[in-house]
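Position chain B against the provided structure of chain A, taking the given hints into account.
Each chain, letter by letter, is given below.
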Amino acid sequence: MPTFDLSQTPLRELNQALHGLAAGANDTEFEVVNPRGSHAVAVGCDAPVAVSIRGSVGYYCAGMNSAATVTVHGSAGPGVAENMMSGTVVVEGDASQYAGATGRGGLLVIKGNAASRCGISMKGIDIVVHGNIGHMSAFMGQSGNLVVLGDAGEALGDSLYEAKLFVRGSVKSLGADCVEKEMREEHLTLLAGLLERAGVTGVEPSEFRRYGSARKLYSFDIDNADAY
Amino acid sequence: MTYHNPPTPPRKSAIFDDVSLAEIRRAAATGIYDIRGGGTKKALPHFDDLLFLGASMSRYPLEGYRERCDTSVTLGTRFARKPLQLKIPVTIAGMSFGALSGPAKEALGRGATLSGTSTTTGDGGMTDEERGHSELLVYQYLPSRYGMNPKDLRRADAIEIVVGQGAKPGGGGMLLGQKISDRVAEMRTLPKGIDQRSACRHPDWTGPDDLEIKILELREITDWEKPIYIKIGGSRPYYDTALAVKAGADVVVVDGMQGGTAATQDVFIENVGLPTLACIRPAVEALQELGMHRKVQLVVSGGIRNGADVAKALALGADAVSIGTAALVALGDNDAKWEAEYNALGTTAGAYDDWHEGKDPAGITTQDPELAARLDPIAAGRRLANYLKVMTLEAQTIARACGHNHLHNLEPEDLVALTIEAAAMARVPLAGTGWIPGQTGL
Chain A
1 MPTFDLSQTP LRELNQALHG LAAGANDTEF EVVNPRGSHA VAVGCDAPVA VSIRGSVGYY
61 CAGMNSAATV TVHGSAGPGV AENMMSGTVV VEGDASQYAG ATGRGGLLVI KGNAASRCGI
121 SMKGIDIVVH GNIGHMSAFM GQSGNLVVLG DAGEALGDSL YEAKLFVRGS VKSLGADCVE
181 KEMREEHLTL LAGLLERAGV TGVEPSEFRR YGSARKLYSF DIDNADAY
Chain B
1 MTYHNPPTPP RKSAIFDDVS LAEIRRAAAT GIYDIRGGGT KKALPHFDDL LFLGASMSRY
61 PLEGYRERCD TSVTLGTRFA RKPLQLKIPV TIAGMSFGAL SGPAKEALGR GATLSGTSTT
121 TGDGGMTDEE RGHSELLVYQ YLPSRYGMNP KDLRRADAIE IVVGQGAKPG GGGMLLGQKI
181 SDRVAEMRTL PKGIDQRSAC RHPDWTGPDD LEIKILELRE ITDWEKPIYI KIGGSRPYYD
241 TALAVKAGAD VVVVDGMQGG TAATQDVFIE NVGLPTLACI RPAVEALQEL GMHRKVQLVV
301 SGGIRNGADV AKALALGADA VSIGTAALVA LGDNDAKWEA EYNALGTTAG AYDDWHEGKD
361 PAGITTQDPE LAARLDPIAA GRRLANYLKV MTLEAQTIAR ACGHNHLHNL EPEDLVALTI
421 EAAAMARVPL AGTGWIPGQT GL
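Taken in sequence, the protein lines are chains A and B.
By full-length UniProt numbering, the letter at position 15 of the first sequence is numbered 15, and the numbering carries on one by one without gaps.
By full-length UniProt numbering, the letter at position 277 of the second sequence is numbered 277, and the numbering carries on one by one without gaps.
Just chain A, same shape as in the assembly (with noise of 0.2 angstroms):
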């Protein structure tokens, strides 16, 4: 298995080893020591491969992943796995603001809590979060599930369009066009896959409730000015 070690090798050259893979490359599984909260760490991926970061990354870990399986073991900084497109990323620890941010495929699983913004802008992905999220997560979130076992901050869905967010504690505030909604036998399945693969067990998805859109917002209209 290739190790990179981040004390002594230039960031450079790991992403350049993991974009440059070939189909069928012998090389699947990565190891990254010391990163000492890089910036950049493993983007761009674009084969299924398996990264394990052995500490702590700063921005964007991840971001723009295809395909591959990158586990954070420590925590991450702002903006891990950012428009990821498919694949996994794993976060063992805590992750700052803007986590998943405008993610349009792939399951991004955060075991510790989750800071602001968390969605913001998602596009499609799905994110499980075993711990608690910060103010405005899934703003303007398009599409794609948020999940949290714990609890949400302020103003959770701000401008909301399509995602689904599941919230199994408390919601501090509800954003713009951010309500409550029915959570039908269809939600019900769909959560309990989502907390499948995201190794959560123990957990019943009928602890959760569901938000969503009230689509109030959709077309302009000036009575709705107060909302804005």
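There may be inaccurate statements among the hints.
The calculated DSBU-like cross-link candidates involving lysine-lysine, where the alpha carbons are at most 30 angstroms apart (straight line), are [what the hints assert, rightly or not]:
#1 A:Lys111 with A:Lys181
#2 B:Lys359 with B:Lys42
#3 B:Lys359 with B:Lys337
#4 A:Lys216 with B:Lys337
#5 B:Lys359 with A:Lys216
#6 A:Lys181 with B:Lys192
#7 B:Lys41 with B:Lys359
Rather than coming from a laboratory, the hints here were simulated on the basis of the structure.
Chain B in isolation, oriented as in the chain A frame:
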């Protein structure tokens, strides 16, 4: 003898003019602000307020048809492994598929390619048609991130991080429901037919410090190949340019308030931002102070119409210019041949700006298949290429007359201003004097 009082003719107010009165009545009737496309319609200090001095006893001109005047420019020499080599210093600005029809985007790509220059995507992602027809394509990285994906990043020739736009510095995009067709909705991951609001801020960085890290990420994803531009709306060009350089830009694009938009509030277009003329010298000053002029290239846009405008922008220190509105006109926008249809829409050729409604008779700012089919992308691309050729020849004519064998050798010293305002903004002397307001004494 009968005495008649002299009649007092009706006098309209200069303040409450017909346009202001009509807007008050429109607002009162509808309860919503006016939305339109294009840039400011105000008369602002502009390139028309500058003149070239030409050669004289102390300057030696070049022969117009025999001596070479180079027009090439390379963008992205600071960090990118593959800078863009352009044959002319005029590029096509970002305009989205969604705002424009598919054939219009194709025509822009065709025209730019025939001319050896680049075209640019917009808020809505990259289409295969425009990639296929554009030899050099700049991929915009916008706050909305609609359609953003690493595959398109890697097949782009450059990346333009859009911080702002001259028509609406501080504002986000807007695409109303009439133009959210099935394809546009799919590309943007949005429900069909909604009034779409693009964010005004990027979702995962907030200032120059984390933008620097964002640029690192984009460079790592694209293996440091692509030039990275930062586009700013004309607002605080000195500081914004300096911060863009600090953040790691290869190219800074400064868009003045004459620059157009697909749709935003009229009050925004007309009241926020700086005229293009006021943006160039502060941006150049910032680059010069940092020792980065010509190392980080400066592209200026907003109201560029002809080769004289190109030459003036370059003389003031820009490396290239970018055109949007003028390119659409070259394709056929606002053409008088559609006058009857413009009249039916309550407007006239040359004034049509309801681009957001998607009813463009010229078939350019629309997603209606029947209207879009009116534009032949091959012929329209040819018109754009012709226009770019004329602009280039015009700029060369002026440069030769000033004694320069490359457009980049044009200098502020070649220029004078016709008004005090233009002299102050462009930092060149008022014609017939040595006075640069704010710089030199009378």
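Requested in this report: Would you pick out the hints that fail for this structure and give their numbers low to high?
Outcome: 4
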